[in-house]
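Heads up: the protein sequence lines correspond to chains P and L, in order. At the far end of the first sequence sits residue 980, using my numbering, and the numbering has no gaps. At the far end of the second sequence sits residue 980, using my numbering, and the numbering has no gaps.
I should point out that these hints are in silico values taken from the structure, not numbers from a laboratory. Keep in mind that this is a model prediction, so the values were computed, not measured. Honestly, I wouldn't trust all of these hints.
Said to hold, decoys possible - Simulated DEER-style distance windows between Cβ atoms:
#1 P:Asp948 - L:Thr903: 32 to 38 Å
#2 L:Lys918 - P:Ala966: 40 to 46 Å
#3 L:Val917 - P:Asp948: 32 to 38 Å
#4 L:Arg934 - P:Ala959: 22 to 28 Å
#5 L:Glu871 - P:Asp948: 17 to 23 Å
#6 P:Thr903 - L:Arg951: 29 to 35 Å
#7 P:Lys910 - L:Gly908: 40 to 46 Å
#8 L:Val938 - P:His907: 45 to 51 Å
#9 L:Ala904 - P:Arg933: 51 to 57 Å
#10 L:Ala915 - P:Ala952: 41 to 47 Å
#11 L:Gly898 - P:Ala909: 39 to 45 Å
We treat Cβ as the ideally placed atom computed from N, Cα and C, and that holds for glycine.
Number of protein chains: 2
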Amino acid sequence: MSTAGERAAAAELFFALGDRTRLSVVQKLGAGGARSATALSHGAKVSRQAIVKHLQVLEGAGLVTHERRGREVLYALEPRRLDDARAFLDGVSAGWDRALARLRQLVEEPEPPRR
Amino acid sequence: MSTAGERAAAAELFFALGDRTRLSVVQKLGAGGARSATALSHGAKVSRQAIVKHLQVLEGAGLVTHERRGREVLYALEPRRLDDARAFLDGVSAGWDRALARLRQLVEEPEPPRR
DNA sequence: CGAATCCGCAACGCTATGGTTGCACATGAC
DNA sequence: GTCATGTGCAACCATAGCGTTGCGGATTCG
Chain P
866 MSTAGERAAA AELFFALGDR TRLSVVQKLG AGGARSATAL SHGAKVSRQA
916 IVKHLQVLEG AGLVTHERRG REVLYALEPR RLDDARAFLD GVSAGWDRAL
966 ARLRQLVEEP EPPRR
Chain L
866 MSTAGERAAA AELFFALGDR TRLSVVQKLG AGGARSATAL SHGAKVSRQA
916 IVKHLQVLEG AGLVTHERRG REVLYALEPR RLDDARAFLD GVSAGWDRAL
966 ARLRQLVEEP EPPRR
């Protein structure tokens, strides 16, 4: 089977990415390196606590790790999980391409081998 | 700016993918070509109506299109949107790589140009 | 025609999600 | 020591998400 809890993991991944605020956080972390929750909340339209919750969701999905640094906590992107997401999409696309190829075969072969 | 409503679109995309049932539908459509809602609901653990709602979400995100075919409605995958999702992930990864490169630069250059 | 499918709409319930606020606890700066 | 900053915990609220059921309207098949 190509999919059991594997799909659940992917769903969690995409779910974590499926929110404007969280996507914004991911982009900031991707572009600027590790930062604290309060730092991330400065540009944002929501409170620090909201950002913290989002960071926890992202960490739950494995997209982010945290590290205590003195009195502040730095969050950093985990780019390998992004690769996982891409791999999943690649899988679906590949399946689609194969399906198309099969269709084309059927069309371009007017006389399938009889008996 | 690299991101305004562009991020919102990406969020909608990922949101649509961020659900087990919907991911399952996407995989089925990807692997087997176009199918009707009822056909899709046969293997699933939820009702046909649930599947229909999910298909509407997927269509709202541009991941799926529908076409009336006699008395049934066929849903098909729109793989270009998958590419969009991948492009977004690529962008974040690229930013991260640049950030790492900058860090390395700073480390490997013990004496930054004084004055 | 009648029967069997398949779709579309609407009402409803439950839970999770995203967000807020308030306050107590560490830790670093002065 | 004192003050400022940053974090952590908890309660709470509103709404959107996911799922169900029930029923009426098309459309194909016999």
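Determine whether the Cβ-Cβ distance between L:Gly898 and P:Ala909 falls within the hinted range of 39 to 45 Å.
For L:Gly898 and P:Ala909 the Cβ distance comes to about 43 Å; the hint holds.
Should the hint that L:Val917 and P:Asp948 are 32 to 38 Å apart at their CB atoms be regarded as holding?
33 Å, holds
**Prompt:** That 51 to 57 Å hint for L:Ala904 and P:Arg933 (C-beta), does it hold up?
**Reply:** Holds: the Cβ-Cβ distance is about 52 Å, inside 51 to 57 Å.
CB-CB spacing for P:Ala959 and L:Arg934 relative to the 22 to 28 Å hint: 26 Å, holds
Within 29 to 35 Å or not, the Cβ separation of P:Thr903 and L:Arg951? 32 Å, holds
Falls inside 17 to 23 Å, the C-beta gap from L:Glu871 to P:Asp948?
22 Å, holds
With respect to the beta-carbon atoms only, verify the hint that P:Lys910 and L:Gly908 lie 40 to 46 Å apart. 42 Å, holds
Margin query: Please check whether L:Val938 and P:His907 have a Cβ separation lying inside 45 to 51 Å.
Written below: 48 Å, holds
Cβ separation of L:Lys918 and P:Ala966, checked against the hinted range 40 to 46 Å
32 Å, violated
Practice prompt. Please test the hint of 32 to 38 Å on the beta carbon pair from P:Asp948 and L:Thr903.
Written response: 36 Å, holds
Quiz prompt | Verdict for L:Ala915, P:Ala952 (Cβ pair) under range 41 to 47 Å | solution = 28 Å, violated
Violated hints for the displayed structure, listed by number in ascending order: 2 and 10.
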